[in-house]
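**Student:** Sequence:
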Amino acid sequence: MNNKNLYNSGVSQPSTSSFYDDIAFAELQGWLVKTRKKPGFINKITKSTQEGINSFIPEKVHQVITYAIEKMVKGVLFGTKYMTPAPMKAMTLEEREVKVRKIIKIYQNTASVEGAITGAGGILFGLADFPAFLTIKMKMLFEIAAAYGHDVKLFEERLYLLYIFKLTFSSQGTRNQTLSLLENWQDYISKLPSEVSDFDWRDFQLEYRDYLDLVKLAQLIPIIGAGVGAVANYQLANKLGTNAMQCYRLRQFDWEI
1 MNNKNLYNSG VSQPSTSSFY DDIAFAELQG WLVKTRKKPG FINKITKSTQ EGINSFIPEK
61 VHQVITYAIE KMVKGVLFGT KYMTPAPMKA MTLEEREVKV RKIIKIYQNT ASVEGAITGA
121 GGILFGLADF PAFLTIKMKM LFEIAAAYGH DVKLFEERLY LLYIFKLTFS SQGTRNQTLS
181 LLENWQDYIS KLPSEVSDFD WRDFQLEYRD YLDLVKLAQL IPIIGAGVGA VANYQLANKL
241 GTNAMQCYRL RQFDWEI
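Residue numbers 1 to 257, in this note's numbering, belong to the letters of the sequence shown in order.
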């Protein structure tokens with residue numbers, strides 16, 4: 001297969017690779033094309049509507065929500081130094097991804113059960129779903145990173161997880177910007193913020209909240225919320241896990257040039 005990236009993503013296929021690596025590389029190319037696209041008409045209308053709604057929310061409310069989400073995410077992502085899995089060494093890509101797929105399946109099932117339980121309780125239980133599901137998603141990312149051989153105790157690795165999260169739960173325009181950053185991660189590392197507080201938490205919480213509003217609003221309805229929560233959490237966990245696989249493939253092939 002030609003060493004040059006077919007879609008100009010900045011990632012090249014290694015000159016020596018297994019049949020599995022070839023398949024993974026092809027899947028990565030397809031994912032890049034699918035993920036990187038112009039915002040469609042529906043996406044633009046939805047984004048415009050959400051921005052309009054957000055403009056009516058008082059600034060103090062935005063500040064409180066931003067602060068709450070920032071503390072919640074930072075608490076999960078940067079506050080578990082002694083609970084992080086050790087990076088796996090000396091494994092082929094195929095061996096790593098057999099492990100990764102098992103991790104995704106486990107956390108999909110866990111997220112589905114959690115969504116069903118909180119969804120059954122209506123609004124009050126639905127509010128509890130946010131921190132619980134967030135924790136499940138972040139722990140899944142920790143284990144996926146370790147399976148690819150990355151030390152998630154390092155600040156830059158945790159920040160990478162945060163950008164994978166942002167890539168998954170955001171509008172198409174923000175998704176394109178985030179993907180560009182992830183594709184050029186080695187260049188970005190030299191410009192990393194010294195503190196995670198420098199991360200744009202306002203944009204992060206707006207994108208995440210707006211994305212989940214569309215997907216999980218029905219989960220707040222008693223009784224039927226159980227089914228909605230179970231399905232939504234299962235699918236969202238799968239989406240995050242799949243994106244994480246492709247993002248780590250970006251780095252895998254980049255390092256093997």
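Rather than coming from a laboratory, the hints here were simulated on the basis of the structure.
Nothing here was measured: the structure is a model prediction, and the numbers come from that model.
Cβ coordinates follow ideal geometry from the N, Cα and C atoms, glycine included.
Just so you know, not all the hints are guaranteed correct.
Said to hold, decoys possible - For each label pair, taking beta carbons as the anchor points, the in silico distance ranges come out as:
#1 Met72 x Ser190: 40 to 48 Å
#2 Ile117 x Asn238: 31 to 39 Å
#3 Leu192 x Phe19: 35 to 43 Å
#4 Ala26 x Pro131: 22 to 30 Å
#5 Met72 x Gln29: 31 to 39 Å
#6 Asp151 x Ser190: 14 to 22 Å
#7 Val231 x Met88: 29 to 37 Å
#8 Ile117 x Gln186: 37 to 45 Å
#9 Asp151 x Gly75: 30 to 38 Å
#10 Gly173 x Ala90: 22 to 30 Å
#11 Thr242 x Ser180: 16 to 24 Å
#12 Tyr188 x Lys153: 30 to 38 Å
#13 Lys71 x Gly30: 23 to 31 Å
What the hints assert, rightly or not - Here are the simulated DSSO-like cross-link-like pairs (lysine-lysine), alpha carbons at most 27 Å apart as the crow flies:
#14 Lys71 x Lys239
#15 Lys37 x Lys99
#16 Lys89 x Lys34
#17 Lys99 x Lys89
#18 Lys105 x Lys34
**Student:** None of the hints should be skipped; say for each whether it holds.
**Tutor:** Each hint, compared with the structure:
no., hint, in the structure
1, Met72 x Ser190: 40 to 48 Å, "violated, 29 Å"
2, Ile117 x Asn238: 31 to 39 Å, "violated, 19 Å"
3, Leu192 x Phe19: 35 to 43 Å, "holds, 36 Å"
4, Ala26 x Pro131: 22 to 30 Å, "violated, 38 Å"
5, Met72 x Gln29: 31 to 39 Å, "holds, 35 Å"
6, Asp151 x Ser190: 14 to 22 Å, "holds, 19 Å"
7, Val231 x Met88: 29 to 37 Å, "holds, 31 Å"
8, Ile117 x Gln186: 37 to 45 Å, "holds, 42 Å"
9, Asp151 x Gly75: 30 to 38 Å, "violated, 20 Å"
10, Gly173 x Ala90: 22 to 30 Å, "violated, 40 Å"
11, Thr242 x Ser180: 16 to 24 Å, "holds, 19 Å"
12, Tyr188 x Lys153: 30 to 38 Å, "violated, 20 Å"
13, Lys71 x Gly30: 23 to 31 Å, "violated, 38 Å"
14, Lys71 x Lys239, "holds, 24 Å"
15, Lys37 x Lys99, "violated, 30 Å"
16, Lys89 x Lys34, "violated, 31 Å"
17, Lys99 x Lys89, "holds, 13 Å"
18, Lys105 x Lys34, "holds, 23 Å"
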